[in-house]
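Peer 1: Listed here are the chains, written in short residue letters.
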Amino acid sequence: MFLSITASAFSTLPGSLALAAEPLARLRGLDIAVIAIYFAMVLWIGFYLKGRSNTGEEFFLAGREMTAWIAGLSFVSANLGSLELMGWAGSAYQYGILATHWYWVGAIPAMLFLGLVMMPFYYVCKTHSVPGYLDLRYGGKARTVAALSFATEMILMSGVNMFAMAVVMKVVLGWNITFSIFVSSIAVAIYVGLGGLRSAIFNEVLQFVLIWGGALLVPILGLVQAGGWHGMVEKILFNMHGNDSYLHLWRDTGSFSANPMGVQWTGILFGLGFVISFGYWTTDFLVVQRVLAAHNLRAARMAPIIGSFFKMAVPFIVILPGLLGLALRTPAVAGGIPHLVGEDVVAAHAGMGLHSYNEILPLMMVRYLGPGLLGLGITALIAGFMSGMAGNVSAFSTVWTYDIYRPLINKKGSDSHYVLVGRLSIFIGVLISIGAAYLVMRAHGIMDYVQALFSIFIAPLLAVILFGMFWKRATGLAGFLGLLTGIIFSAGLFMWVKLNPAELARVALSPDAKPMAENVFRALWAFLFSAIVVMVVSLLSRPRPVEELGGLVYGATKLPEEEWVPFYKREWFWACVVVAIFAALNILFW
Amino acid sequence: MHGSRIAIWFFVGVLLAVYGGMIMGYGVYEWVSGSYPPGVQLTNLHTPVWWGGLLEVLGIFYLMKFRPGKAEK
Chain Y
129 MFLSITASAF
139 STLPGSLALA
149 AEPLARLRGL
159 DIAVIAIYFA
169 MVLWIGFYLK
179 GRSNTGEEFF
189 LAGREMTAWI
199 AGLSFVSANL
209 GSLELMGWAG
219 SAYQYGILAT
229 HWYWVGAIPA
239 MLFLGLVMMP
249 FYYVCKTHSV
259 PGYLDLRYGG
269 KARTVAALSF
279 ATEMILMSGV
289 NMFAMAVVMK
299 VVLGWNITFS
309 IFVSSIAVAI
319 YVGLGGLRSA
329 IFNEVLQFVL
339 IWGGALLVPI
349 LGLVQAGGWH
359 GMVEKILFNM
369 HGNDSYLHLW
379 RDTGSFSANP
389 MGVQWTGILF
399 GLGFVISFGY
409 WTTDFLVVQR
419 VLAAHNLRAA
429 RMAPIIGSFF
439 KMAVPFIVIL
449 PGLLGLALRT
459 PAVAGGIPHL
469 VGEDVVAAHA
479 GMGLHSYNEI
489 LPLMMVRYLG
499 PGLLGLGITA
509 LIAGFMSGMA
519 GNVSAFSTVW
529 TYDIYRPLIN
539 KKGSDSHYVL
549 VGRLSIFIGV
559 LISIGAAYLV
569 MRAHGIMDYV
579 QALFSIFIAP
589 LLAVILFGMF
599 WKRATGLAGF
609 LGLLTGIIFS
619 AGLFMWVKLN
629 PAELARVALS
639 PDAKPMAENV
649 FRALWAFLFS
659 AIVVMVVSLL
669 SRPRPVEELG
679 GLVYGATKLP
689 EEEWVPFYKR
699 EWFWACVVVA
709 IFAALNILFW
Chain S
23 MHGSRIAIWF
33 FVGVLLAVYG
43 GMIMGYGVYE
53 WVSGSYPPGV
63 QLTNLHTPVW
73 WGGLLEVLGI
83 FYLMKFRPGK
93 AEK
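Top to bottom, those sequences are chains Y and S. Going letter by letter, the first sequence gives residues 129 to 718 in our numbering. Going letter by letter, the second sequence gives residues 23 to 95 in our numbering.
Keep in mind the hints are simulated off the structure, nothing from the lab. Just so it is clear, the structure is predicted and the values come from calculations on it, not from any experiment. Please note: incorrect hints may appear among the correct ones.
Where chain S lies over chain Y, by a calculated footprint (3+ residues, C-beta under 8 Å) [claimed, not checked]:
hint, segment
1, 286–296
2, 393–406
Cβ pair distances, simulated, as ranges [stated by the list, open to error]:
hint, chain 1, residue 1, chain 2, residue 2, range
3, Y, 438, S, 76, 12 to 22 Å
4, S, 82, Y, 179, 25 to 35 Å
5, Y, 437, S, 87, 30 to 40 Å
Even for Gly, the Cβ is constructed at its ideal location relative to N, Cα and C.
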């Protein structure tokens, strides 16, 4: 999901990858057995948990009984899709260590803010979803706009990811696209449909472990071959003719032209680090739903903080393989990784055996992993895909049932009726996703638009939720208009640049800006636009009495007392540890 | 089946133990027979043996610690 607003270069993946002639790897019996056991395990979990998902609370919120660790791992895992893994490894090969911004400044501050500041409001008001919070704070109109946008985007994104993953399986393993789409989507439909959110969360934890177990060997063995960190740096400098911009996070972001990504620090800090990151990690129901399943407020606050530790570590299995690909390629290493090129070059030279940036992770896997381990690596990719899809469909099911079906279609259903609707919506959602996957297969151009849906929607939503949570004066009309006009404004900016690519220079404020800069600046302008609309309309309309805002707004909410625990069990202590590590990492790789 | 709840960590243990055994077993076979897969680098490190062993140890730890009836969720 997060990938869709960031690694735009990856959006062309299916079209060009499909042109590759020979699969990168051939699986043996042991690899097939590893993959088959994984599928058996996720189905076992689904059937096992079926008996524990009979009420709405159990099915949609996993009974609100997850520990902080399980909710935290699930929170990170739902975001750790296989396209994300491959796309960012490819971005690291293309742009160097700058790609790490999307894991550190683009995630950690927002995750801490969610846990420490926002979670109490989501948790105390007992909402079942983010659109549900908008309903309580602003009223039904804002909820309906958010729910319809979110449900549409979830299910279409699920289809796009499904298709892209099937193409990856075709390119890497030579698997039939239809086979990959149906096997993986049916497995997800069964285990989420049976066990609801609890099953999705259990599998996400399992998938998180698998992703690390399958992908961690690549950077370890790559570093061994490169001669350690210093050996890797020397080889990168040799291959890049002494250009060390690939090895610095911030030093060369003073101007768009000084770094390989073509971004500037204000865009990274405010566009990515604030609007996109806070928009995704604090308002996207796909991830927030995992934290809402925590068993008490302290666990709900700790979950994102626990997740932030793992998020900071993800570059080790994603960014490092990309950097190692830069280091271990010829000529620095005889017989090394081939020189990788952009998707457009691969497409223009079909049949010549070229590989794109986005293939760096599977290329590294094939290089180091023999039978069994390769199966584990491929299982990690499949697991990443399935966790992302399970996140999409479980969130879709909740929003469809509680924020669309119940308020707009059938207000008087029983709890068991809504559980049935939720279960059915998972299977129907998967079917629509499959349809979307085939739609994208027939018309690749649609993919850009579908992926843009998320980035168009998230910035206005963030503005509306932040004002709703921290400004008592914000009114229902302001929330509705801020969200609706913000989405229209954001979509307009997207279409403007889409139809006139030269206008990117205006949106990103520099003729040197590259496409990566567009997403962050578009998000920033859309956020500011929505914020202004919310403020102006609020000041012109009648606010709700403060007494009605209890549990919803800062300053009008009395948070429940939590039992005393020693300092090392408190969220503030661990948040300080995260901040210290985060600061140290940014200084270390400055 | 639901009388004693199975923790997620037990499922993790099952999977790691099974994978660990399979991968380490193949690694030992590879080492003893000396037949390494073509094209794979650093086979001299016998990665399947120690990585499979690590997965096996972790798997058994989780199996024992979270076996049904011993631990809650």
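Peer 1: Three residues minimum, CB to CB under 8 Å: does the segment 393–406 of chain Y make the cut for coverage by chain S? Let me know.
Peer 2: violated (count 0)
Peer 1: Is 12 to 22 Å a correct range for the gap between the Cβ atoms of residue 438 of chain Y and residue 76 of chain S?
Peer 2: holds, 19 Å
Peer 1: Could you say whether the range 30 to 40 Å given as a hint is met by the Cβ separation of residue 437 of chain Y and residue 87 of chain S?
Peer 2: Check failed, 21 Å falls outside 30 to 40 Å.
Peer 1: With a cut-off of 8 Å between beta carbons, are at least three residues of the segment 286–296 of chain Y near chain S?
Peer 2: Check failed, 0 qualifying residues.
Peer 1: Would you say the C-beta atoms of residue 82 of chain S and residue 179 of chain Y sit inside 25 to 35 Å of each other?
Peer 2: holds, 28 Å
In the structure shown, a violation is registered for the earlier hints numbered 1, 2, 5, in ascending order.
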